[in-house]
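Working from the sequences, and respecting the hints, build out all of it.
Chains as they are written, first to last, in the numbering used here: chain A, 1 to 143; chain B, 144 to 274.
Hints are computed from structural coordinates only; laboratory data are not their basis. Even glycine gets a Cβ: it sits at the ideal position worked out from N, Cα and C. Hints may be right or wrong, so weigh each one.
Claimed, not checked - Simulated DEER-style distance windows between Cβ atoms:
| hint | chain 1 | residue 1 | chain 2 | residue 2 | range |
| --- | --- | --- | --- | --- | --- |
| 1 | A | 39 | B | 211 | 35 to 45 Å |
| 2 | B | 193 | A | 20 | 52 to 62 Å |
| 3 | B | 241 | A | 88 | 24 to 34 Å |
| 4 | B | 252 | A | 79 | 17 to 27 Å |
| 5 | B | 184 | A | 116 | 13 to 23 Å |
| 6 | B | 185 | A | 10 | 49 to 59 Å |
| 7 | B | 178 | A | 18 | 29 to 39 Å |
| 8 | B | 207 | A | 76 | 14 to 24 Å |
| 9 | B | 189 | A | 23 | 41 to 51 Å |
| 10 | B | 153 | A | 23 | 27 to 37 Å |
| 11 | B | 189 | A | 108 | 20 to 30 Å |
| 12 | B | 185 | A | 88 | 22 to 32 Å |
| 13 | B | 193 | A | 8 | 46 to 56 Å |
| 14 | B | 216 | A | 20 | 53 to 63 Å |
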Amino acid sequence: MKDVRDALMIARNSEGKLVRRPLSPHVQIYRWPVSMALSILHRITGCALGVGTLLLTWWLVSAASADEVFDRAQWFMGSAIGLLLLFGWSAALIFHFFNGIRHLVWDAGVGFDAPHYNTSGWAVIIATAAGTVLVWVIGLVVW
Amino acid sequence: MSGTPHIDMLRSPLGRARGLGSARLGSHHWWVQRLTALALVPLTLWFIFSVIHLSGASHQDVIDWLSAPLTLGLMLALIVATFHHLQLGAQVVIEDYVHDERFKIAAVLAVKGLCLLLALVCIVSVLKIGL
Numbered sequence: 001m002k003d004v005r006d007a008l009m010i011a012r013n014s015e016g017k018l019v020r021r022p023l024s025p026h027v028q029i030y031r032w033p034v035s036m037a038l039s040i041l042h043r044i045t046g047c048a049l050g051v052g053t054l055l056l057t058w059w060l061v062s063a064a065s066a067d068e069v070f071d072r073a074q075w076f077m078g079s080a081i082g083l084l085l086l087f088g089w090s091a092a093l094i095f096h097f098f099n100g101i102r103h104l105v106w107d108a109g110v111g112f113d114a115p116h117y118n119t120s121g122w123a124v125i126i127a128t129a130a131g132t133v134l135v136w137v138i139g140l141v142v143w
Numbered sequence: 144m145s146g147t148p149h150i151d152m153l154r155s156p157l158g159r160a161r162g163l164g165s166a167r168l169g170s171h172h173w174w175v176q177r178l179t180a181l182a183l184v185p186l187t188l189w190f191i192f193s194v195i196h197l198s199g200a201s202h203q204d205v206i207d208w209l210s211a212p213l214t215l216g217l218m219l220a221l222i223v224a225t226f227h228h229l230q231l232g233a234q235v236v237i238e239d240y241v242h243d244e245r246f247k248i249a250a251v252l253a254v255k256g257l258c259l260l261l262a263l264v265c266i267v268s269v270l271k272i273g274l
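Dropping the structure here:
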């Protein structure tokens, strides 16, 4: 059964023949503006952080267990794979953090027009790169 | 959708809404997602600083850190806000991309159940250390 939205896709051309209306360009052939890339990246990092909560849960569970269980978890976090996961997790978190603030500002009705959302988009990218580097430099110095 | 274009049955907007309509919970979902996001701004900052501070810490250091009432309270707030925000966000992503009604409902319920379970495990772990 067709609903109104589907039915409106069918129209008559100048010769009176029924045709399907053309659609706008698909994402694969569209030149991505920065906001479009950041929008999908916000979802991707959100999902990645969801998977990353398993890491947080594991760390907390191990901290509530015996010394050797905790030491094994700490050892994994300090291994090459662990550090790579933590780096990815921190970059995703910092991006989602800054871009999330950008969304909250939009929700407050501010900056939701073309020049502003492009500028704030690049600001988020720069803040994410700077924030991630800063966190790891400080983290590795403390460690 | 394929084959020769043709017009068959129309369904009015009212008929469509009666069949598959909104449960009128959308604005509450949206609002709680913003509220948890707002709460997570200071909590995430605190958590990142804490993790940096704890890098290379011994088990006893972590236990001492979590045993402070302020740390324990902030950690519980972080856990609740994080998993609540996560299940709201994951629900939207699933609803946008999974179109089969049965898979959609099953996936949303599975993700929400998993989030609840992980949150409970985190809360119990933190309380076990801190209390």
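Exercise. Given the range 17 to 27 Å, decide if the beta-carbon distance of residue 252 of chain B to residue 79 of chain A lies inside it.
Key: violated (35 Å)
Exercise. For residue 185 of chain B and residue 10 of chain A, compare the CB-CB distance with the range 49 to 59 Å and indicate the outcome.
Key: holds (53 Å)
Quiz item: Using the C-beta atoms of residue 189 of chain B and residue 23 of chain A, is the stated range 41 to 51 Å upheld?
Solution: Given about 47 Å between the Cβ atoms, the range holds.
Quiz prompt | residue 39 of chain A versus residue 211 of chain B beta-carbon gap, inside 35 to 45 Å or not | solution = holds (39 Å)
Quiz prompt | residue 184 of chain B paired with residue 116 of chain A, Cβ distance criterion 13 to 23 Å | solution = For residue 116 of chain A against residue 184 of chain B, whose Cβ atoms are near 20 Å apart, the range 13 to 23 Å holds.
Exercise. Starting from the hint 24 to 34 Å, judge whether the C-beta atoms of residue 241 of chain B and residue 88 of chain A obey it.
Key: Holds, since residue 241 of chain B and residue 88 of chain A (Cβ atoms, about 25 Å apart) stay within the stated range.
Practice problem: May I ask you to test the hint 20 to 30 Å on the CB atoms belonging to residue 189 of chain B and residue 108 of chain A? | Solution: Distance hint for residue 189 of chain B, residue 108 of chain A holds at roughly 23 Å.
Practice problem: For the range 52 to 62 Å, tell me whether the beta carbons of residue 193 of chain B and residue 20 of chain A fit it or not. | Solution: Cβ of residue 193 of chain B to Cβ of residue 20 of chain A: about 56 Å, so the range 52 to 62 Å holds.
Exercise. Mind checking the hinted window 27 to 37 Å against the Cβ distance between residue 153 of chain B and residue 23 of chain A?
Key: Given range 27 to 37 Å: violated, Cβ gap about 21 Å.
Quiz item: Holds or violated: 22 to 32 Å for the Cβ distance of residue 185 of chain B and residue 88 of chain A?
Solution: Roughly 24 Å apart at Cβ, these two residues keep to the hinted range, so it holds.
Practice problem: For the range 14 to 24 Å, tell me whether the beta carbons of residue 207 of chain B and residue 76 of chain A fit it or not. | Solution: For residue 207 of chain B and residue 76 of chain A the Cβ distance comes to about 22 Å; the hint holds.
Practice problem: Could you say whether the range 29 to 39 Å given as a hint is met by the Cβ separation of residue 178 of chain B and residue 18 of chain A? | Solution: This hint is violated: roughly 49 Å between Cβ atoms.
Hint check: violations occur at hints 4, 7, 10; the rest are consistent with the structure.
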